[in-house]
Amino acid sequence: MSCCAREPMAPHNIEVISTAPFDGQKPGTSGLRKPVGVFQQPHYTENFIQAGLIAGLGDRLRGSSLVVGGDGRFFCKEAAQLIIKIAAANGVSKVVIGQNGILSTPACSHIIRKYQLDGGFILTASHNPGGPKGDFGIKYNIENGGPAPESVTNKIFEISKTISDYKIVPNLKVDISTLNTIAFKICGNDFTVEVIDSTTDYVQLMKSIFDFTTLKNYAKTKRLLLNGMNGVTGPYLKKIFVEELGLPADCCLNAEPLPDFGGSHPDPNLTYAKDLVDIMKQGKHDFAAAFDGDGDRNMILGHNAFFVTPCDSLAVLAANLECIPYFKTNGIKGFARSMPTSEAVDKVAQLSGKECYQVPTGWKFFGNLMDAGKINLCGEESFGTGSDHIREKDGIWAALAWLSVLEHTNKSVKDVLVQHWVVYGRNFFTRYDYENVSSESGDKMMELLTKLIEDPKTKGMTFSDPTGKSYKMANLDNFEYKDPIDGSISKNQGIRFMFEDGSRIIYRLSGTGSSGATIRIYVEGYEKYPNPQLYHQDAQEVLKPLVTIALRTSKLKELTGREEPTVIT
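Using the UniProt record's numbering, you'd call the opening residue of the sequence shown number 1 and step up by one each time.
Hints were generated in silico from the structure; no laboratory data involved. Treat the hints with care, as some may be off.
[Unchecked claim] Derived DSBU-like pairs: lysine-lysine, alpha-carbon spacing no greater than 35 Å straight-line: (1) K457 x K482; (2) K114 x K544; (3) K528 x K222; (4) K94 x K77.
[What the hints assert, rightly or not] Distance windows between CB atoms, simulated: (5) A372 x H408: 25 to 35 Å; (6) P484 x Q540: 28 to 38 Å; (7) Q40 x Y529: 46 to 56 Å; (8) E440 x S464: 50 to 60 Å; (9) I17 x T192: 18 to 28 Å; (10) E563 x S151: 40 to 50 Å.
Keep in mind that this is a model prediction, so the values were computed, not measured. Ideal Cβ positions, reconstructed from N, Cα and C, are used throughout, including at glycine.
Make a model of the complete structure from these sequences and hints.
Quick look at the structure:
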């Protein structure tokens, strides 16, 4: 802990600033995301922070303690200073902030839990591009360390629509570049800002979960690459993989957090992490992982750029959790996945006698299940994997978990996958993203699909592609989730086509973009082959008939004018 200094400044007065509501301050699945220029408007960010404090803490606001951290993107430092000023004016007693405002999303979650804070603000637009022309985001996390549930985000939105003023201490300026604890008097009340090292607490947590001695010995025998994509994970990668596990410094690529992520899109997939894929295709490395802007997403690659889908990654970890000391000690109660994620982890749960829950997209839905002791592992097809060690998905944790599995099985990434498919079968899976389509086009497509759901004749219909491959509709709906813990209901979470052979097509409008709409189409087919060689088939080829049916049925090309998706996963 750092020493505490009383800041000898002029009196810090609270001012009440008149304001007016802004349209569209509705948090999505992971907070509010908009272009940087939107957040830079006078009063815009201040309004949202004030609404977040009131909605998140209510009558617990005075005397509360918060964490503030971000992924280092453009406007992070300015927003962090605004949060400090507004928190002080609203009676918050303590703000814990990462040095220079840097804290990964998993680290923020851990710090809330470790130090029993009341919540916090995470400054990130996750995998969205950064820089002055890029995106910015703010999300509020609650006292369990997880994203605010819909009851809180809905309240934030309602407050934002009627807000008329916010409180601020305008001349309060804190040096967040130096580790220190600084105490202030705000109108007679104590207010403390503690600037902490960004990596220390998180690294200690990882060392309590994994066997670092075993991993260090294993890592010496393999060639590993970790791609921080110039997001927040760079400092964490250096601490863990270089300083703790003894790997050479050049194993960490793009490990310097940059406000614009080096001009790249910090989304760890085959499209935006192509530089890593190309290196792995050269066949000189055994394992690679890439991480997004705020460190909660991950992509896993094996030798020759063998790609592990996030759905398969979740299932493989579920089948091998006992090789990780944390789970060997604490036991394994159950698993959960987001609804669009493939049913691969369900197969593991069925064979192991564990419960497997299906929730809407958004990590906040896993929190109640974890807090109730129902699940230990969860994941989303959107490159998110995590466990009950925190209440966020965790990219570096996933990479360490994979290395633990590889060390334990003494197999390559590809061999681990093939052996898994031989036991459980393979859920072939793909996702088509159509980014920045007009909201009107997206709404029209969903209206068309809703009419199909409402038509009783659709159930039992046979859908065919031009080659004659046919699928009979077993059921279809717009996914609705009733939380088994608190009874809350989330409606309209995605349109599902479920066929008799176990295949699925799912349509969603994503809530993670900053403008327009993103249409996501998920396609899944399950196969259990007698011949292991058949598992090596390309998923795009296997799923081609279903993809054709999905596009034709939704009239996506006609409604959006898009011939090709922005990203195929």
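Structure-based check of each hint:
1. A hinted pair counts as satisfied when its Cα atoms are at most 35 Å apart, and K457 with K482 qualifies at roughly 27 Å.
2. At most 35 Å may separate the alpha-carbon atoms for a hinted pair to count; K114 and K544 exceed this at roughly 47 Å.
3. Between K528 and K222, the direct Cα distance comes to roughly 32 Å. Compliance with the 35 Å bound is thereby established for this hinted pair.
4. For the hint linking K94 to K77, the alpha-carbon distance of about 18 Å falls within 35 Å, and the restraint holds.
5. Distance hint check for A372 and H408: the Cβ-Cβ separation is about 29 Å, which falls inside the suggested range of 25 to 35 Å.
6. Between P484 and Q540 the Cβ separation comes to about 36 Å, which falls inside the hinted range of 28 to 38 Å.
7. Checking the proposed 46 to 56 Å range against Q40 and Y529 shows it holds: the Cβ atoms sit about 55 Å from each other.
8. A hinted range of 50 to 60 Å for the beta carbons of E440 and S464 is inconsistent with their spacing of about 30 Å.
9. Between I17 and T192 the C-beta distance comes to about 24 Å, which sits within the given range of 18 to 28 Å.
10. Range check, E563 to S151: Cβ separation about 41 Å, and the 40 to 50 Å hint holds.
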